[in-house]
Amino acid sequence: MDTKPLRLLIADDNDSDRLILKTILEKQGHVVFSASDGAEALVMFQKEAPDLVLLDALMPVMNGFEAARAIKLAAYGDLVPIIFITSLKDAASLADCLKAGGDDFISKPYNRIILHAKIQAHARMRRLHEVVQEQRDKISKHNDHLMREQEVAKAVFDNIAHSGCIDAPNIKSLLSPMAVFNGDMVLVAKKPADGMYVLLGDFTGHGLPAAIGALPASEIFYGMSRKGFTMQEILREINRKLKQILPVGVFCCACMLDLSFHEGMVKIWMGGLPDLIIFRTKTKKMERIRSAHLPLGVLSDEKLLLQLDVLHLDYGDKIYVWSDGIHEALNAQGEMFGTQALDQVFHNNNQADDLFDEVLHAVKVFTGDQAQDDDYTMVEVSMANEHEVFNDRQDEDEGFAKKLIVMDCTITCELRPDSLRTFNPLPLVTHYLREIPGLKNHSGKLYTVIAELYSNALEHGLLRLSSSLKNSAQGFASYYKQRTLALDALKSGCVTIKLNCEPLENRGGRLKIRVEDSGFGFDHENMMSNQLKKQGYSGRGIPLILSMCQSVIYYGNGNAVEVVFDWD
Amino acid sequence: MAIWSDETTDSKALTIKIQGRFDFSAHQEFRDAYEKSKDDPSEYVVDMKETTYLDSSALGMLLLLRDHAGGDSSSIRIVNCNPDVKKILTISNFEQLFSIS
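Sequences listed follow chains A and B, in order. Each residue of the first sequence is one higher than the one before, starting from 160 at the first, in this note's numbering. Each residue of the second sequence is one higher than the one before, starting from 316 at the first, in this note's numbering.
Treat each hint with caution, since some may be false.
As the list claims (entries may be wrong) - EDC-like, lysine to aspartate or glutamate: derived pairs with alpha carbons at most 20 Å apart:
no.: 1; chain 1: A; residue 1: K462; chain 2: B; residue 2: D347
no.: 2; chain 1: A; residue 1: K462; chain 2: B; residue 2: E410
no.: 3; chain 1: A; residue 1: K402; chain 2: B; residue 2: D382
no.: 4; chain 1: A; residue 1: K444; chain 2: A; residue 2: D512
no.: 5; chain 1: B; residue 1: K402; chain 2: A; residue 2: D434
no.: 6; chain 1: B; residue 1: K401; chain 2: A; residue 2: E487
no.: 7; chain 1: B; residue 1: K402; chain 2: A; residue 2: E446
no.: 8; chain 1: B; residue 1: K402; chain 2: A; residue 2: D512
no.: 9; chain 1: B; residue 1: K401; chain 2: A; residue 2: D434
no.: 10; chain 1: B; residue 1: K402; chain 2: A; residue 2: E487
no.: 11; chain 1: A; residue 1: K400; chain 2: B; residue 2: D382
no.: 12; chain 1: A; residue 1: K462; chain 2: B; residue 2: D387
Think of the hints as simulated: they come from the structure by calculation, not from any bench.
Only chain A is shown next, with the shape it has when bound in the complex (with noise of 0.2 Å):
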C-alpha cells in the first residue's frame, strides 16, 4: 500500500540532477515526466495530470514559485502536492516555497529514503482528499435527485393532503412546512348532507417520514365522508391504519370537527394538540377544549376512546385549531411564543374576521428572523350558512361514469339492539342511492331525509329521547350523553329502512323510502299540523323533509313514515 506506484512529475533545469531524480524515483516504481523548467512543467502538467510535483525552486524562464502557483490554478478543486527540492537553505526562501503554493520542501542533497517517505505521505493526503471529494460530489448527486423526487411527490401528496374543500370560505388555514414536505395535514370534507369534517394533524417529526402517514389517513378521511361515515368510524379507522402501518413512536396528534350548519353544533374529537380555542364572536369570550385522547396511531382498536365534546355555535364563532408549531415558535433569545401571547392576541382583538391575521402576525413579529424551528398549522373554521359555504357546488365526480342500471328495485335493511349499537346503516344506504342514474346529484338531500327519518325512528321512537332537550345549548350535551347511555342499555327493538325505486314513464324515476320502528309512535296527526303551522326544526324536523320531497305520511301510531321523492 505504502508503495502504489504514482505518476510524478519533475521540474530541474539542471540535467544530472533531473536524470538521477528520475532514476530513483523510476527504481521505486513511479511512473516519472520531467520537465527542464516551470513553464515546460506547467504544459506538462495539464498533458499529463500527474498525481503530484516535485518542483527545483530556482530554474530559468519560469521559476518554481511561479510554476506552483499556476499549477495550482491548473489542478483546481483538485489536490496535487508539490514538493519543493531546493538547494535554497534560508529560512525565508524556505518560507517562500510553501507561500506560493507549496506542500514540503527538501533540501539538497537530498537522503532518498527521506524523499520516498514524503512522497508517499503526500500521495496519502491525496488520496484522502479524492475520497472526500467523490463522496462530496456523490452526496450533491444524491441532494440533487432527492430533492427532485420530493417536489414531484409533493405535487402529488398536496393534491392528496390538502385538497377537498379546505377553500370553502368558512376555513382559514395556514401550512408553513419547515422542509418540502411538511408533517401537519389540514383535511376539509363536506359531509353527504349538512355540515363539514375538518381534521387536522401532526405527525411526529418533519418532512417525508412524516408526511407518508398522511395519504393513507387522508384517503380514509376523504372517502369516508364522502360516503357518509360518522366522525367516530373515520377516527377509528384512520387510528387502525396508522397503528398498522406506522413504526412505533410515529403518531398523529389530530383534532377533527363535526361542524353542522343547519343544527348550529360541532362535535369535537382532540387527541394530542394543544387547547383549541372556540371564539364567541357576539360576547368575545374564549373558551377551551382541552385534549383528552392520546394521539392516532398509538392505540389499538380496543383501547380508542372516542368520546366528543359538543357545543352549540352562534353564527359568526370561530374554531381555532393548531399544531404545537405556533405555540412553540422561538424567538432569538430561545423563547418559546406560548399560550400567554396567544391569549393576549385574542383579547386585544376588535374585529373577528382580523383574528387570524393577528395571529399569524403575531408569531411574525414575535419569531423575527429566526429560521422556523418546527411546522406550524393553524385553521379557523367559522360557524355559516350552508349555502354560504357550498355554494351549488356539485359532488365530485367519482371518475367514471355508471352504466349500470340499478332502476327497478326494493331494499330492506332491519338493525336490531347490537347493529343498532354498532353498526351506521346511512353510508350503506347512500351508496345503494349514488348507484342508481339521476339520483346521484341528489344524495346529500336524500341523505339529510333519511339520516332525520332514521334519528327519529331511534331516538324518539324506540329510545324515547325528547327532543325538546335540544332546545338549549347546554341541552345538546345533555341529549346526547341520554342517547349513548338508552343505547347501550337497548335490549329489544328495531328499525327497518326500505328503499324502493321504480321508473316513471317517461321521466326519471320515484323513490320511497319508509321507516318504521318498533316503539310506540305519537300522535303523528296533531304533531304534522303543528309542526307545518310553526315552521320550525324542533321534533322531527318534517318541514325540511317536506321541503325537500314530495310527501311524507306516518302510518299507524306514529311509528312508520314514508317518503316519496321523484326525480327527473
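Since the structure of chain A is provided, determine the placement of chain B on it from the hints.
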C-alpha cells in the same frame, strides 16, 4: 443534551436520566440506554429532573421504550418533570400510558 443510565444493584429497575433538550438528536443515546442493559429490568424510571424540553420525537422515543419494556404490561415511571415538560406530556395524554410525576 446528555443521557445516563443506572441500574439498581439487584438489576430490578433501570433509571435513565436525560439532561437538556430531549429531541431527535438523543435518539441513539436513549435507545442505547435501555437496549444495552444486561438484565431485563422489571421497572424503568425516566428521570426528567434536568430535562428542559421535549419534542414530539421524544414522545415517540418514550413509546419505543414502552414497546421494548413489554407494551401494555410495561412498568415505566417518568419522574421529576418540570411544568413545561409535564404540560407536553399532558397534552398528548401520555399519563394514560406512563406513570408521570
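| request: Hint by hint, work out which the structure violates, then give me just those numbers in ascending order. | output: 1, 8
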